[in-house]
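Trainee: Listed here are the chains, written in short residue letters.
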Amino acid sequence: MKIALLSPMLALALITSAVAQPSEQPRAGGVLRVAMIGEPPTLDLHTTTAVIVQQITWHVYETLFTYDRQYNAIPLLVDTHTVTDNGRTYLLRLRRGVKFHHGKEMTAVDVVASLKRWGRLATPGKQLWKNVEGVEAKDPYTVAMYLKDSSGALLMGLARPNNGAVIYPKEIVDAAGDNAVKEFVGTGPYRFVEHKPDRHVRLARFKEYAARTAAPEGFGGRRTAYVDEILFVPVPDVAVRLAGVETGEYQLAMQIQQDQYERIKTMPAVVAGVIKPEGWSTAVPNHKQGLMSDKRIRQAFQAALDAEPIMAAGFGNKAFYRLDPGLSFPEQPQWHSRASADLYNQKNPAKAKKLLQDAGYAGQPVRWITTKEYQWMYKNALVAKQQLEAVGFKIDLQVVDWATLVQRRNKPEAWDVFSTGITFNPEPAFSTAASCGWPGWWCHEDKEQWMEALARETDPRKRRAMWEKVQQIFYEDVGRVKLGDFFGLTAVRKEVRGYQPTNESNLWNVWLSR
Amino acid sequence: MKTYVVRRLLALIPVAVVVATVAFVLIHIAPGDPASIIAGPDASPDDVARLQRQLGLDAPFHVQLFRWYGRLARGDLGQSIFLRRPVLEAIVDRAEPTILLTTYALIVAVLLGVPAGVVAARHHDETADQALMAGALIGISIPNFLLGLLLILVFSVRLGWFPVAGYSPLEYGWVATLRSLTLPAFALGVVQSALIARIARSAMLDVLREQFIVAGRAKGLGERAVVYKHALKNAMIPTVTVIGISLAILISGSVIVEQVFNIPGLGRLIISAVLRRDYPVIQGVVICIAGIYMLVNLAVDLSYVVFDPRVRYQ
Amino acid sequence: MSRVLALPRPAEPVRRRALWLARLVRRRATVVGVILLAVTTLVGALAPVIAGDPLRMEVSARLTAPGVAHWFGTDDVGRDVWSRVVYGARLSLLVGAAVVLLAFAIGLVCGLAAGYWRKLDNPVMRIMDGLMAFPAIILAIALMASLGPSVLNVIVAIGVVYAPRVARIVRGSVLVIRETTYVEAARALGVPDLVIVTRHVLPNCLSPVIVQASFVFAAAVLTEAALSFLGVGVPPYVPSWGNILAEGRLYLQQAPWLVLYPGAAIMLTIFGLNLLGDGLRDLLDPRLRGLVRERS
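Protein chains in written order, with the numbering used here: chain A, 1 to 514; chain B, 515 to 828; chain C, 829 to 1124.
Rather than coming from a laboratory, the hints here were simulated on the basis of the structure. The structure displayed is predicted, hence computed values, not measured ones. Backbone N, C-alpha and C fix where the C-beta goes; we use that ideal spot for every residue, glycine too. Heads up, a few of these hints could be off.
[What the hints assert, rightly or not] Across the chosen pairs, the derived CB separations fall in these ranges:
1. C:A873 with B:A645: 58 to 64 Å
2. C:S978 with B:R585: 29 to 35 Å
3. C:S978 with B:R672: 45 to 51 Å
4. B:R598 with A:P412: 21 to 27 Å
5. B:I527 with C:R856: 47 to 53 Å
[What the hints assert, rightly or not] These stretches of chain C come out as covered by chain B in the derived footprint (C-beta under 8 Å, 3 or more residues):
6. 906-914
7. 1043-1054
Please model the complete structure; the sequences and the hints are all you need to start from.
Mentor: Next comes the structure, spelled out in structure tokens:
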């Protein structure tokens, strides 16, 4: 079974400003302070797709596989693996001597317990588990996964960092059940020290970390914890985030307003890190309950929108956004498609008005929850609201903090539309954009079939055709409303070396030059 | 004197009861039932019902009220929904920055305001007076958050003398702490100093016209003795009153300024509690701040015993 | 049987009012205050005429500097700042006036009741003291948390916060007026209490109250701006000076007009109100010069 190979163009597209001086020797020590958009809603990575949780916790927890530079799956906690039985049985041989932060060695029972929990609770996990017959520990260092059908996506699913299949100790999994885990113990290069809500999440170097021996490649290979401590500080105010990097209070600030790019370039001590692409901005309608469960209203919503001003308001700098209908990005030529492009960015108020009329819409308020912590979400919603109200919608825009939004979106009776971004994802089979179980509850019979087929198929060309079909249904049924692609901007101080701006944002192999 | 002190202390009790009642009522005037508000947007109907029984929210109003008083008397301020820890703990955790900021701001306000007021009074109706009072009037007209933003623009962004935001805890060294609190303290303190200056000036003016001052001058006492020994001491009463009030205003002003400068104090705590509808925290912070305010007022009243001999004989 | 006698009103001739006005005008500072206030009121009242749509987003024109097309420039989503500041003035004046009315209505009733009827004094004033034990903005924030963001709730919250301060001043006056001979005489003659209170006590305690009106107005404008700045005041789509400042923060360096114009508007309005208040106080109540608590 071939691991899906991504085009080298993708790696090239992940352009960053050069931060590492290749000739310089890394040095250990120091505290890295990272300014984040706000509080993480939880620290249990199995339970949420919120990117901020992954950006913090994947220094603490690890997955069985991870991505290399080209976003192919390579082993991390796994040593070797074999695939037998026509691709239906995976034997994963674990590395030995990998310690958890509380001292115990990681063995197969921990992996089995964690994987089962992930398959039960995580959005990509649930998707993948449809194809899983069973998981068992064959011996202390071997895990067997039995699939119903061969899969082109299993390893990618296990490698995925967001809402990832991270390995917890069995006893912690058992104690938590379906509730969030109470202790945060993993195998990663940093261990969890403390979480003071609204102050910081503090991680410290794990001295007994079992690093891989190979040279670092992408997110794999050797992970070295150079800095002593990492402090993730919630700074909901983007002005303060950037200003803090300018003055040196934080060494790294995530999610900087894109129109600050020119300003950052003039700052002597700061480097702008561009994440291209970061994701696509979207409004997620509620298919399960409420006004948006009516297809005509959804279609009216989609038809009324003019994407250019929406994206311009949110991202400012033209170099940082792009109007494109694809569910995947042009940087991913093996997945990108322009299917149903006529339904994207329609700018058709007449059509929207007619659809509203047909649906018998009587001016009931559409509850749209958004947040200012991701500035662009708020601005996108604001401009979209103006356009929608021009065709007769009544929009009740509710602005809350991100952690509240992530909690509230789980309740179908609480909202009609919510703002979010679908972040870059190398493997569409687990994309939240097309997931039925994810808030929005877009469950469409044909689409589910195509998604399942996508998970099992191994031929890249056939997979691409399937994803295109999903995209067509996405537009026709208005699964989500895509607004546009955007690129991310981070601000990094010059003394931070080895940092590669990516969506996932890893801080291992990063050191402070002074 | 003793009766004065005792009377003042006793007068606190009904006020404390009202404060506690107001804090209690807050959660009941919100639309929706308190249990589902406390349980949060994530809870199921069963969770809400369980919480209702657990917190005794199904009891009649007056029973709930008395139970609330009891809990407060024991120092139990409840549990924060979002932070998942006792409210009192969260408050104590956040108190350091707010206390330091308020104290610093008060020092700034007094050091700027009292001398300004005294000087203005001494040079009554001359240019110094006009200028200082014009300045003071502008000072009380500028919102502290606006002043904060302007200070950031000039002193942090342009000049780089101070950090733009954030707070350096004491454990990392008091110099860094002072540096991080300077701009916020000035944003708060300058506005307050204007008020103090105005009051100090009019208090001084009133006193300077008093009989015993005229008599003192007639006696031939030096100007300095007149002003500083006699007048100032008597002008202290309204001035101390205003300083006491200033402390309360500064505490509340720090709520706003903490947002501008991203300082993790009580102000940020209550604002994020409001945005998250974390009522136990709102109630707890409100009670604590009112409590501090009451104690400050008490201290000011008791200080009259020192400054005003007439009080001792009441 | 008792007849309500038309008692001679204590000296309150029109002549006295004219004298006040004359003295008011002679103080230049006060005149400046009145002018500033008048300008703000005019601007706010004429908002639909002199300003465009404060909510209209012209994204292609975002962050343009002040110029011919946009007198105060545009903000980060392309809204005209001039329109927003003008409608912000409208909102501030509306809130300020409504708060004054509300605070005074409650304050007068409570103050009169507490001052005139001894039995009511303690309970009413204890409640007022209790409310005043909370710093104004803290109580306002807590009330907004319970009531939810809306313009009406902002008015109610700030009005309730400042009512006790008015009540205390009214009570002080009432206590004095109650002991005057003509009130005693009225009581002796059997005039009903309510008549005494409304016809004789009330008009005479108004002068210190009027002095406070200007300061309460200023405090209301300031408090509303602060609440909106913090995000717990009026809803984000209502143009308020506080909102505009909050949204303009990020662009302090590259688009300072977003902060400077609404900031100047707030300052000038409050400055004018304070000048007016000072002037009124100096003229109407020289007694209070050393004691009044202006911004508690």
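Trainee: Hint by hint, say whether it matches the structure.
Mentor: We went through each hint and held it up to the structure:
1. One distance hint, 58 to 64 Å for the beta-carbon pair A873 (chain C) and A645 (chain B), is violated here, with the actual separation near 35 Å.
2. Taken as a hint, the range 29 to 35 Å holds for the pair S978 (chain C) and R585 (chain B), whose Cβ atoms sit roughly 32 Å apart.
3. One distance hint, 45 to 51 Å for the beta-carbon pair S978 (chain C) and R672 (chain B), is violated here, with the actual separation near 39 Å.
4. For the hinted restraint 21 to 27 Å between R598 (chain B) and P412 (chain A), the CB-CB distance of approximately 25 Å keeps it satisfied.
5. Checked against the given bound of 47 to 53 Å, the beta carbons of I527 (chain B) and R856 (chain C), roughly 50 Å apart, stay inside it.
6. With a threshold of 8 Å between beta carbons, the proposed coverage of the segment 906-914 of chain C by chain B is violated, since 0 of its residues qualify and at least three are required.
7. By the rule of at least three residues with a Cβ nearer than 8 Å to a Cβ of chain B, the coverage given for the segment 1043-1054 of chain C holds, with 4 such residues.
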